[in-house]
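Need the complex rebuilt from these two chains, each delivered in its own frame; the hints are there to steer you.
Chains as they are written, first to last, in the working numbering: chain A, 1 to 343; chain B, 1 to 318.
Quick caveat, the hints were computed from the structure, so don't treat them as lab data.
Honestly, I wouldn't trust all of these hints.
From the structure, some residues in chain B lie toward chain A, with a derived Cβ separation under 10 Å [to be verified]: (1) Leu28; (2) Val123; (3) Val287.
Each pair of labels, with its calculated beta carbon distance range [as the list claims (entries may be wrong)]: (4) B:Thr201 - A:Leu16: 48 to 58 Å; (5) A:Val8 - B:Gly140: 46 to 56 Å; (6) A:Ala145 - B:Phe55: 21 to 31 Å.
Because the structure is a prediction, the values reported are computed rather than measured.
Beta carbons are placed, not taken as given, at the ideal position from N, Cα and C, and that holds for glycine.
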Amino acid sequence: MTEIQRMVLRRLRNALITIFGIIVLNFFLINVMGDPLTLIGHSPRTSPDVTDNTCLRLGLCARDINGKVYELDLFQRFLAYMKDFFTGNMGTSFHWQNTAVLDVIGPALSWTFLLIGTSTVITILIGMVLGALSAQHRGKPLDLATTGFSLFFYGMPFFWLALMMQLSFTKPEFNLHWWPVFPSSQEYDFSIAIFDWTNPSNIASALYHLILPAATLALGTVAGVSLVMRNSLIDVMTEDYVVTARAKGLAERIILRRHVLPNGLPPMVTLIALDMAFIFGGAYQVEYVFSYRGIGWVTIEAINNYDFPVLQFVVVIGGIAVVIANFLADLILIKIDPRIKVA
Amino acid sequence: MAFPSGSVSYWLRRRFGISEVRREKFVLTMNRLKEITNSVVHHRMGGIGFAILGFFVTMAFIAPFLPIPPPEHSFLDSQGNQLQYLQPSWEHPFGTDQMGRDILSRVIWGSRVSLLVGFLASVIAGVLGTAVGLVSGFSGGWHDEVLMRINDILLSLPWLALLIVLAQILGGHLSLDVIILTIGLTSWNFTARVVRAQVLTVKERVFVERAKASGASNATILRKHIFPNVFPLVFANTILTVAVAILSEATLAFLGKVDVGTLSWGVVLHEAEASGAALNGWWAWIVMPGLSLVIVILGFSLLGYALDEILNPKLRER
Chain A
1 MTEIQRMVLR RLRNALITIF GIIVLNFFLI NVMGDPLTLI GHSPRTSPDV
51 TDNTCLRLGL CARDINGKVY ELDLFQRFLA YMKDFFTGNM GTSFHWQNTA
101 VLDVIGPALS WTFLLIGTST VITILIGMVL GALSAQHRGK PLDLATTGFS
151 LFFYGMPFFW LALMMQLSFT KPEFNLHWWP VFPSSQEYDF SIAIFDWTNP
201 SNIASALYHL ILPAATLALG TVAGVSLVMR NSLIDVMTED YVVTARAKGL
251 AERIILRRHV LPNGLPPMVT LIALDMAFIF GGAYQVEYVF SYRGIGWVTI
301 EAINNYDFPV LQFVVVIGGI AVVIANFLAD LILIKIDPRI KVA
Chain B
1 MAFPSGSVSY WLRRRFGISE VRREKFVLTM NRLKEITNSV VHHRMGGIGF
51 AILGFFVTMA FIAPFLPIPP PEHSFLDSQG NQLQYLQPSW EHPFGTDQMG
101 RDILSRVIWG SRVSLLVGFL ASVIAGVLGT AVGLVSGFSG GWHDEVLMRI
151 NDILLSLPWL ALLIVLAQIL GGHLSLDVII LTIGLTSWNF TARVVRAQVL
201 TVKERVFVER AKASGASNAT ILRKHIFPNV FPLVFANTIL TVAVAILSEA
251 TLAFLGKVDV GTLSWGVVLH EAEASGAALN GWWAWIVMPG LSLVIVILGF
301 SLLGYALDEI LNPKLRER
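One chain only, chain B, in its complex shape (with noise of 0.2 Å):
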């Protein structure tokens, strides 16, 4: 479907009421963006990267038109019995579990709390990394000082313990928005970190010395001159911390830390683990949600480091 480009600009007029002048500024920034998707897609890393979370994506959207079976369906033979611990057969290229259910559909269905608790997550540490770095590096003094002792403090503690400990007594038993606040809490140290040094670098700049000169106030230079500069940096660590956030998740649903009946590829392999499957051989029962598991997280890093490497100035120079 091809819009012309003027009807979209009639509509957003009439819509909200867009000035020529914001009109030119939103068509700047869709260019930019498909600049940048251009140059992601074309990125050696990148392109491999966004192939293999498209890919992803859609299995998670398009699951329910799948023709496999209902996750949660059990198979049963003619007595009625479950067919549990089946091996992999056309019927169930995955094999079935420890309740006669298809791993195929499991491990699809599972992408879907899987790739979700990874999205709102690392949009709640995305959002608190900001404003931590945001303020930290441009006030300075000792909200700096404050701020950056509890980052370290964080980040000393023992991941896993926290997670586990916080999760436990935030919720007591853990629902899925449990975990995404968890995990959201426990991750924006390192987006802090690189916004907080990015902030101290163009605080510096001329730009931001004219602004003050002409007697911008401080949340105006916050918002216009420093948000923007930092903004492409924030927005290649967000990608890289949903990797991180995924991986959490699934180490805790691996633990057996998550509610029965919610569905991810760590609660897939905690089911695995708690029959035994490493140990009586039911590779497909371990290898495909794992696999799974490996190949979003590396397609997440290889697209956090390829949107760093086109959005940072830095390394663009070289």
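For reference, chain A alone in the conformation it holds in the complex (with noise of 0.2 Å):
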């Protein structure tokens, strides 16, 4: 076996590793710091005499022999909470009556890929734009504005960034007259039913509702990208090898693509990666400004209403989601770092 592959499978077993150590946590997190019973009973929506519906239903119970409902004990509520985990057995939402977990998640999910896709898309290219001007520039004026730009932006709490994206570009009595006005999501015709793949007529007005959300979620992760691809290639380009190409009299812009980017882009992917985390929380705030039905959006909803199974499925979503995304981020790094041999 070669260096490389151990490399892998070792980080292949701690992705495994921490995956599983999600879903139990999930578990204990829920399970072991209050009761869900006795948390589901201070939920003004749950009516007395669902409860042992409900104690069967999340797996805090089960009947015996004789079809009687009997209080299942940690261990064994744990057990029956990781069968059910891997066999597919998301359960019901409490909120959303008789629907399925999966009926709730998958529509909000594929509408908060959706934002989180076309964001970073735009994040992505502006930052690495933005941050190669400013590295080329380095110590100019576009690159103290740059980074200036990027350092404000770059602490900025998504709620008040999407809050101010709203103040300025919906009302047209309140706006700047000279910027477009775009309809705020929080008057989305509910109606209608706007967050509905099926309905062709509707996408388009969708689409229309999706430009502020996902313009201020790029705003502010487009801040992260740009100072980190400009670090990574001022790193680059004080190496020697480009200091040579100089020498040679290569144009600067020759050297920049055939011998500053092939080496500054590797951090990259790492960072973006790790962004993954970053970006879902961005969206679950810019989703909750906006009223966009986004995973965001569902998770609020959910523990505002205590809806046990629709939060334990959401969060080992993200969990999982994010340490695929690093798992795939190395192996990539490995794929295109040549320098890399052992971490």
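What follows is the structure in structure tokens.
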């Protein structure tokens, strides 16, 4: 076995352990720190006579041979949860009555992917160009302006950025007149089921409503990409082979394309993978402010309504997605960066 | 006020029975601290960060003495109705909120909770992260494996969902101490990673080997040789963590997950959102608390990066 194969195997093992840990921790987060049944009892939406059903549905209770309902202890519940999870039985939502968890999550997830996909493409393109320009003009006004812009947006909370966008771009009587006016998503007409893929006449409207949330998310994440791009390129630009290339009299453009970019890009792959968790967190807030019915909106609804099955699944799915993204980033990095031999 | 240096040392000796050697060490430490403070202030980024934080911390401290109305006071008109949603004017520079309270006063008082949560939560996170990083880096083996996997797991979980779930479960109702604990418990990962990496390099240095050879116990090596070498990094990182903690609190509060009656910038923004300020064009209500938040976060980031550059020997050599 080569060194690289061994490294990939080790990463794979770590990723699997982490995924397993996420699944287990998810259970204990919800079950050890508070009794779900008591918490459910607090919910105004659950009436006492459904407690038995709720109990069975959550996997907190089981029927014995006579069909009598009895409570399971923690370990039995854990086994039941693990079995359910690996057999793909995610249970039924409490809040959206009689809807399977997967049917709640599925559509929401597709809307979130649309939002995150759009904004990530914008972010990567703009961020890389800004970072490259900034690195090329290091120390000049353009660089200072870009870096200042990035630092300012870097620590900005997404929810505030979303509010500011709403403030400036939505109501025609309040925003600056030369800016285009977008519909605020708080004004969706939910009676026409706008968040519904099956109705093609809604798609155009849905996409129109996508512009502001996607722009917000992109504006919030572009700063990190451009800062890292700039630093990574500047690191490369001071290497000997770039000095040599310049001494040979190559044009700046060619140096950038042939010598700097290929060596400066690998860190970006890791960054974008690591950023996935951050972007998801941002998407939660943006969706909340714009009432955009994605996974973040569903999560917050689930928390507010003590909808444990949905919540459990959202947390697990989010965690696993991040682990897989990181693992893939490692693989790509090994593939494209010849310098990596042993980490 | 200038103390003659002799009197301080006299006081220290009388109070703590501090020996000459200890005193010299103390003076050395103080000098080093002064040096660092000087270089932070003269560092371009650090100076700006220092000024920003100085301004906001002062504001938080002197809030009770400023000529502003109490933050919970509702202004009434002659009929006894609350003066809601007033636009900025001389009397109310940032306008009033849904209960006729002065927003400027609420923003100034709100700095107290935001900063307090930031500091306390990052202290918890700093201590936890340092402990994990030290143990993980120094002992290696399966301790390291277990701690790093836990770190991975916490880093991968959706941060906001984790925060809200943990807060909901820890407290039921989200008082300030629960919020601080929650944020502290969820933001130590980065510090742990940085400390671990640093411990791994320090561990291989000659002076550690010599200490080992002369029979020092592991605890002594950690305390006397490794910790002092990672401390600057911990310090710089904790400053950066404060920014994260303030952001976390603001997000939780904005989502309405903080006790009613708490007053922080996030709460003011939550009330603005709940009243539809963005759609009604009440700009000052959104811009002012948010801008304070962004500027304070920027201040901590600048200070953190400057400290990192000054204290981190690797970056200093460049």
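Hint-by-hint comparison with the structure:
Given the 10 Å rule on beta carbons, the hint for leucine 28 (chain B) is violated: about 35 Å separates it from the nearest Cβ of chain A. Of the supplied interface hints, the one on valine 123 (chain B) is violated, with its beta-carbon coming no nearer than about 20 Å to a beta-carbon of chain A, more than 10 Å. For valine 287 (chain B), the shortest C-beta to C-beta distance to chain A is roughly 7 Å, which falls under 10 Å, so the interface hint holds. Look at threonine 201 (chain B) against leucine 16 (chain A): about 29 Å separates their beta carbons, and that is not inside 48 to 58 Å.
The hinted range of 46 to 56 Å is not satisfied by valine 8 (chain A) and glycine 140 (chain B), whose Cβ atoms lie roughly 22 Å apart. Separated by about 24 Å at the C-beta atoms, alanine 145 (chain A) and phenylalanine 55 (chain B) satisfy the suggested range of 21 to 31 Å.
When each numbered hint is compared with the structure, violations occur for hints 1, 2, 4, 5.
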